[in-house]
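Number of protein chains: 2
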Amino acid sequence: MREIGVEELRYLARGAAILGAGGGGDPYIGRLVAEQALREHGPVLAVEPHEVPDDALVAGIGMIGAPTVMVEKLPSGTEAVTAFRTLQRELGRPITHVLPIEVGGMNSLAPFPVAAALGLPVLDADCMGRAFPMVQMVVCTLDGVPAKPLAVADEKGNSVVLDVLDNHWAERLARSAAVRMGCTAVLCSFPMSGAQARGTVIPRTLTRAARLGRLVEQARRDHADPCAAVADHLGGRVLFTGKVAGVLRENDPGFARGEALLEGSGAHDGSRFRLAFQNEHLVATLDDVVVASVPDLICVLEADGEPVPGERLRYGQRVVVVGAPCHPRWRTPEGLALVGPSAFGYPHGYEPLGPA
Amino acid sequence: MREIGVEELRYLARGAAILGAGGGGDPYIGRLVAEQALREHGPVLAVEPHEVPDDALVAGIGMIGAPTVMVEKLPSGTEAVTAFRTLQRELGRPITHVLPIEVGGMNSLAPFPVAAALGLPVLDADCMGRAFPMVQMVVCTLDGVPAKPLAVADEKGNSVVLDVLDNHWAERLARSAAVRMGCTAVLCSFPMSGAQARGTVIPRTLTRAARLGRLVEQARRDHADPCAAVADHLGGRVLFTGKVAGVLRENDPGFARGEALLEGSGAHDGSRFRLAFQNEHLVATLDDVVVASVPDLICVLEADGEPVPGERLRYGQRVVVVGAPCHPRWRTPEGLALVGPSAFGYPHGYEPLGPA
Chain Z
853 MREIGVEELR
863 YLARGAAILG
873 AGGGGDPYIG
883 RLVAEQALRE
893 HGPVLAVEPH
903 EVPDDALVAG
913 IGMIGAPTVM
923 VEKLPSGTEA
933 VTAFRTLQRE
943 LGRPITHVLP
953 IEVGGMNSLA
963 PFPVAAALGL
973 PVLDADCMGR
983 AFPMVQMVVC
993 TLDGVPAKPL
1003 AVADEKGNSV
1013 VLDVLDNHWA
1023 ERLARSAAVR
1033 MGCTAVLCSF
1043 PMSGAQARGT
1053 VIPRTLTRAA
1063 RLGRLVEQAR
1073 RDHADPCAAV
1083 ADHLGGRVLF
1093 TGKVAGVLRE
1103 NDPGFARGEA
1113 LLEGSGAHDG
1123 SRFRLAFQNE
1133 HLVATLDDVV
1143 VASVPDLICV
1153 LEADGEPVPG
1163 ERLRYGQRVV
1173 VVGAPCHPRW
1183 RTPEGLALVG
1193 PSAFGYPHGY
1203 EPLGPA
Chain V
853 MREIGVEELR
863 YLARGAAILG
873 AGGGGDPYIG
883 RLVAEQALRE
893 HGPVLAVEPH
903 EVPDDALVAG
913 IGMIGAPTVM
923 VEKLPSGTEA
933 VTAFRTLQRE
943 LGRPITHVLP
953 IEVGGMNSLA
963 PFPVAAALGL
973 PVLDADCMGR
983 AFPMVQMVVC
993 TLDGVPAKPL
1003 AVADEKGNSV
1013 VLDVLDNHWA
1023 ERLARSAAVR
1033 MGCTAVLCSF
1043 PMSGAQARGT
1053 VIPRTLTRAA
1063 RLGRLVEQAR
1073 RDHADPCAAV
1083 ADHLGGRVLF
1093 TGKVAGVLRE
1103 NDPGFARGEA
1113 LLEGSGAHDG
1123 SRFRLAFQNE
1133 HLVATLDDVV
1143 VASVPDLICV
1153 LEADGEPVPG
1163 ERLRYGQRVV
1173 VVGAPCHPRW
1183 RTPEGLALVG
1193 PSAFGYPHGY
1203 EPLGPA
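So the protein sequences, as listed, match chains Z and V. With the working numbering, letter number 23 in the first sequence gets 875, and the count goes up by one each step, no holes. With the working numbering, letter number 172 in the second sequence gets 1024, and the count goes up by one each step, no holes.
Each statement offered as a hint is correct.
Each pair may be met inside one copy or between any two copies, as identical chains are not told apart.
With a cut-off of at most 25 Å between alpha-carbon atoms, the simulated DMTMM-like pairs for lysine to aspartate or glutamate come out as follows:
hint: 1; residue 1: Lys1095; residue 2: Glu1154
hint: 2; residue 1: Lys1008; residue 2: Glu924
hint: 3; residue 1: Lys1008; residue 2: Asp995
hint: 4; residue 1: Lys1008; residue 2: Asp1018
hint: 5; residue 1: Lys925; residue 2: Asp1018
hint: 6; residue 1: Lys1008; residue 2: Glu892
Since the hints were made in silico from the structure, they are not lab data.
Taking the hints into account, I'd like the entire structure generated from these sequences.
Here you go:
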């Protein structure tokens, strides 16, 4: 149990943007919203899963939609509270703890405005260990914990409560609501007891993100290579160094889908690198050979270790691409069925990524 | 107050298909679902608005989606009860009366399975006096009666509760849910007190539909012209007689949109007639001149007076098109702003349609 204040948010946001693998929304915006809430209401208590009582009522909070849209359509800061209150009313009893659904991009910070405003603790944990684009892509699905009932709210004051057949239907109906709300909205879902939460969530991922964010700063101070430090810390490796030669983007409209083409420099001079993304970076190919793939993390950084959210990728940027292993649960047959290449329609098999 | 049994459903369904102006879903399917419920549970009590107590809790029921999809994707018969129960749970007290949102196509019959199964009376009334394609297109909107909270349910067991800013947002979010549920779903909405209902709904429209259905049968027995009899009874006129030369359809995907081209015969020999539709027939042109337009009714009949639902229009059909005046409330400036030509994006002004 520890307090998270404004100071730590900066590290947390950076580390989460790395773990977000391009997705989860621009952590800069997420940080501003969370910072404002913390300045207004004071620091937020982060508790570890083992500190949560059995009979607690935990709920996950996160943005849903296309991060590209969020570049122009900023959150109002109230939609998370609306989603939370809507779900709480549906459940008929107080939610005692909030939880980031994913530890990626601004979504790691999505529960903070609610926690700060309502004086609730945040779980130092998440349901993915990274960011994935779809609601059902959580360890909760592997453990039979339903997303329902779930609430979706927008910044205008609309809210929706869903009672769904399964977590795949949660994704379909929450996504269609989010699209109609303007391609971004906030989700409050996966209500579970403290005992259930302990049995499914991935612990200490906020701590992990903050540590990663600090490590980048430390490497800079030490005149070390921050990108290599990140790869090393995550047990992965640098996949590519080069320049963005082109980005193809479409809003489909519930996701930011597309492809980025990179041209190599240094050790990769003359090579071509492709990144396919659906909010998160899904597959990386080097000269048409797959070198990293979901569920492993593909993270795009600037040379100084600053993560580049997918929607900020642009022509001419010089970047370093780091690949890192995903949480071990995603490497099981059930995990791969849910979030592996085939779950995204790719024909290639999954090759676990490791250190260089 | 009177009982509606299986016998009357037949007339009601036919009359409602005429008042549906091409939309509201195939009344044949609606009749089968309602008939089965009546055979199982007995007749349904129809009450007039003035018979409803002030403190009654009334809710509207209707299908939402693209009637073209319903040709293949039949309702299960349970989704209306699911939508009803979902809304009732949200309201926290028993709904005492159900009401067709529109008196058109199968939607006039949509409340019957719920009323029969739960032993509730149906209001002999509706909120349009015809069928229109969108949720906000009801007299309730003119009277400031909100659609919210509203429930949408599908035949698979998914349900959604919406809390929305206004009736236009009700349309947007209910439509997107219906689309994701497979382009058809059931809506339970416009919860209102008995006093509110009396002040807004259009009374005795079920009676009107049944009378219209009987009139067609009577005209046939009398060897009279059933289409002329319908036009006469509705205070309208026959707009065109001819053959369907082509139908262009698209699911957009929440509606059945398109255009039908008709070639004249008899008095209209050599003339071309166009029908533009969005579920309901919106605009009719005779040799490129608008001869009827929303909010007035444009009804397509076979020569024997049997109505043709829009989704059943097909090449080669010989049809009679009848135009009829809408309810007077739609001819006010506020009514026209909500359901007139401009509400559907048409540039032409509204010319009230009358008898020949």
